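Chemist: Protein chains in written order, with our numbering: chain A, -2 to 216; chain B, 2 to 585.
One should not assume that every hint holds.
To be verified - Sample of chain A residues at the chain B side, in silico, Cβ under 10 Å: (1) Q11; (2) D15; (3) R48; (4) R65; (5) H70; (6) G72; (7) L84; (8) K146; (9) L149.
Claimed, not checked - Dumping the calculated DSSO-like pairs for lysine-lysine here, alpha-carbon to alpha-carbon at most 27 Å: (10) B:K490 - A:K123; (11) A:K146 - A:K176; (12) A:K17 - B:K406; (13) A:K77 - B:K490; (14) A:K88 - A:K123; (15) B:K490 - A:K100; (16) A:K100 - A:K123; (17) A:K146 - B:K490; (18) A:K95 - A:K176; (19) B:K490 - A:K95; (20) B:K490 - A:K88; (21) B:K406 - A:K13.
Hints listed in this document are in silico derivations from the structure and should not be mistaken for laboratory results. Being a predicted model, the structure only gives us computed values, none of them experimental. Beta carbons are placed, not taken as given, at the ideal position from N, Cα and C, and that holds for glycine.
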Amino acid sequence: MTEVDTILRIDVKQKKFDSKTIFSDLKLSVNSGEIISIFGPSGCGKTTLLRMIAGLEQTSEGDVVLSRDYQNHIGFIFQKPVLYPHLSVGKNILLGCKSRLEKHERLATVANSLELVNLPKFANRKVTTLSGGEAQRVVLARALLAEPKLLLLDEPFSSLDLDSRRELARDVNTILKDKNIAAIHVSHDIEEAEIISDRILYWDKICEPSNASNNNEHD
Amino acid sequence: MLNPSQHRNVIVSAQWGTIIAFCALTILPLGYAIFRLTDVTGMTVFSSMEKFFSDDDTLTALEFTLLEAAISTLFTLLIGLPIAWYLGRYKWRNIRMIRAILSVPFVTPSIIVAMGFLMLIDPGGLLDSIGIDLRLETGVIGDMARVTGWENPGHFIALIAAHVWFNLSLVMRFIEPTLATLDRTWEEQIRFLPAGRNKILRIKNLWLPLLAPAALCSACLCFIFSFSSFALVKWLTPNQDNLETLMAKSGGSAGIYNYRIDTSEVVLSTSMVQLLILSIAIIYTARVQKKHSTIHSIVTENSHQVANKSPNKLALITVIGAITYAVLPLILVLISSIRIRDARSNDHYYSFEAWIEAWNGSYSATAIPDALTNSLIYCITTLIVALPVGYIISSTIARLEGENKQNTARFVEFLSMIPLALSAVMIGLGILIGVLKWAPDLFSWAILPAVPHIIITTPFVVRIMLPAIRSLEPQYHEQAMLLGLSPAKAWWHGRIALLRAPIIVSAALTMAFSLGEFGASWILVRSGSWDSLSVLVDQLMGRPKFDPLIQPMAMAAAATLMFLTFILFLIAERFRHTDEGSGF
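Please take these sequences and the hints and turn them into a complete structure.
Modeler: If you want it as structure tokens, here you go:
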């Protein structure tokens, strides 16, 4: 990284699945503490981009360069909340805890995390009893407990009703700003993007979308 | 510390290593056996098959095998289809319990089924008391034999009834879930279309396309299981041999140079013909099963909550009849273990004497606790090996499918199913002739009888685990990795914990199948001192019945095995998804 502020620089010449090109010539950079939203239609490749940043996918050609300090400090919130059904809400949250804690510390950590996302007293609940919004808040609490320096949000509120979506977007913005966490949020809801982010990038402005990429698998 | 790419390479290498080891374990003993038999007989595999079709004994055995398998399959479908229909189309209280009771036969060890049906057809038994004497073939059955010239019709009918009993749950497990989840609007809609104007058109255009693959799939499996049936043929039709019993009887003296070469020829030629027929049947079953899975998933994906009607009288009678049929032989085993013939008066009285004698190992028989200990050692060894091997094979298939290497995935799946094409007797003979006569020291290896159990049960683990692993969402594992969990913890939370139910189901069924395994154990254990419970039952029943306690002692051993199997089955049922339509 040449500039002190830039934590992520992406220059992907091409991303293919099998022989199909999903997108090409994607250029993007993110600064420290900045929250950006990438706005684009369903199936254009936004999720693939986030997965490449997280290291879950490889580029077909080009580079994703993440500042050394930020490597291994990435949080990811998937479109569908991923909570482990064999664990309670509290134990799911503790999966984000990096250090070994005594029992009283664990209880306090879970309580604080849940407080942060406005779900006090949910520690012992089964994850199967949570609503979509509650589940996504628990996922957010867990991601924040892992102390990420860069949080990737893949349409995290898409399954919620409009009011919950707006409310959660506002809460996320407040928490991320409070903790100075950089974030990349992808969405096809422009209003949600405006609430959550400092800067909105339009998909067709940052890359060359492929005509063949309109496929939900590569969203 | 390994980087992700090295970590992946290690996992992939371990997966292929396991698959190669499993194939070697399955194929090598059989390969050695074939090599030795060709060497002893001086025949090639092809000339042995020629010999098979020119020998009266082997041809008679083949005719009998095909006939009993085909008729068993036909009757299983005829009886199973209405039961599956009524179960799937009506609202039943305690449906889980009804399903569990009707599924009990499939996991019941074949030796217990044989004992249950022997008690059912016993002179003075339940059927005899209503004038149907299938054992000694007097009365109506004797008349039938005289008029038609059919030899031993009673024994044949008993065998078919036992095969139907054993396989009935297969028909229900394949067909009932599709019927129960079918969206009723599909039926309603077709009534308004020209293609559904009348019942025949609706059967042709709706029911047959939806249910035929499931029916065909269960029919194929019924055929395979009846074709390779051993304990039931051995005990219920003692005057006739199918290919399995023929091989087993000849197996003891096969593979020895310059001694009873005829038995080596029989084993070689019969095993080759059986392998050929079972392989074709299994390949066809796999094709039909794929079709059925596609249709079943379409039906379940489009399913809405179905409001079924309460059962009518006919449905009630059918289901109650099926439940009675499912439990009757098992109750008879239990009763026969405490019903003892008075040596002087030939009357019967009830007592636990036989249980006490069987547990003490009287009459020079292995004591039940000793046989039980052996059985448990074999079944735990089987579990320790078959479960991880089955998991690793299933994970490999799912990974290959995920990487779009469909042909390789299909090939690995086929390799894992090979043991199903090798009957238990063939596997036992493979180890006996192939390995033990090549390395006789292995005879003293205490867990040797667990080897065929591992080979036989691993395909079942794969069949249970594979659909569950295929439906695992990778995001659970990815999320765990992104949260910074160690690879072991990520594997535990992202995979194993989510597979708890199929792991418990396959563990319980693996143990149940191992406990009840009879064919291979009979071949390997009968001359050793490692009697399992199933072999003990056979040994006791094979003795002369002058002493009135011998038969009840055999039934006490059978009842002990039955209780253990039921406990394992109840554990499996508790965790099994009832709507999966996979047959297991």
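Chemist: K490 (chain B) and K88 (chain A): Cα distance at most 27 Å?
Modeler: Holds, at about 13 Å.
Chemist: Identify whether the interface hint at L84 (chain A) stands, where standing means a beta carbon of chain B within less than 10 Å of its own.
Modeler: holds, 8 Å
Chemist: Can the hint on H70 (chain A) be confirmed by a CB-to-CB distance to chain B that is less than 10 Å?
Modeler: Given a least distance of 9 Å, the restraint on H70 (chain A) holds.
Chemist: Grab the minimum C-beta distance from D15 (chain A) to chain B and call the hint holds if it beats 10 Å, violated otherwise.
Modeler: The hint holds - D15 (chain A) has a Cβ within 10 Å of chain B, the shortest such distance being about 7 Å.
Chemist: With a cut-off of 10 Å, does the beta carbon of L149 (chain A) approach a beta carbon of chain B closely enough for the hint to hold?
Modeler: Cβ of L149 (chain A) sits 9 Å from chain B, so the hint holds.
Chemist: If you take the shortest Cβ to Cβ gap from Q11 (chain A) to chain B, is it below 10 Å?
Modeler: Q11 (chain A) check fails; min Cβ-Cβ to chain B is 19 Å, beyond 10 Å.
Chemist: Classify the hint on G72 (chain A) as holds or violated, based on whether any CB of chain B lies nearer than 10 Å to its CB.
Modeler: Result: holds, 7 Å to nearest chain B Cβ.
Chemist: Would the hint linking K490 (chain B) and K100 (chain A) be met if the CA-CA limit is 27 Å?
Modeler: holds, 20 Å
Chemist: Once the shortest beta carbon distance from R65 (chain A) to chain B is found, is it less than 10 Å?
Modeler: violated, 16 Å
Chemist: Sort out whether K176 (chain A) lies within 27 Å of K146 (chain A), counting only the CA atoms.
Modeler: holds, 9 Å
Chemist: Decide if the proposed pair is consistent with the structure: K100 (chain A) and K123 (chain A), CA atoms, cutoff 27 Å inclusive.
Modeler: Cα-Cα ~20 Å, so holds.
Chemist: For K17 (chain A) and K406 (chain B), compute the direct alpha-carbon distance and say whether it is at most 27 Å.
Modeler: Holds: K17 (chain A) and K406 (chain B) sit about 17 Å apart, inside 27 Å.
When the structure is compared with the earlier hints, violations turn up for hints 1, 4, 8 and for no others.
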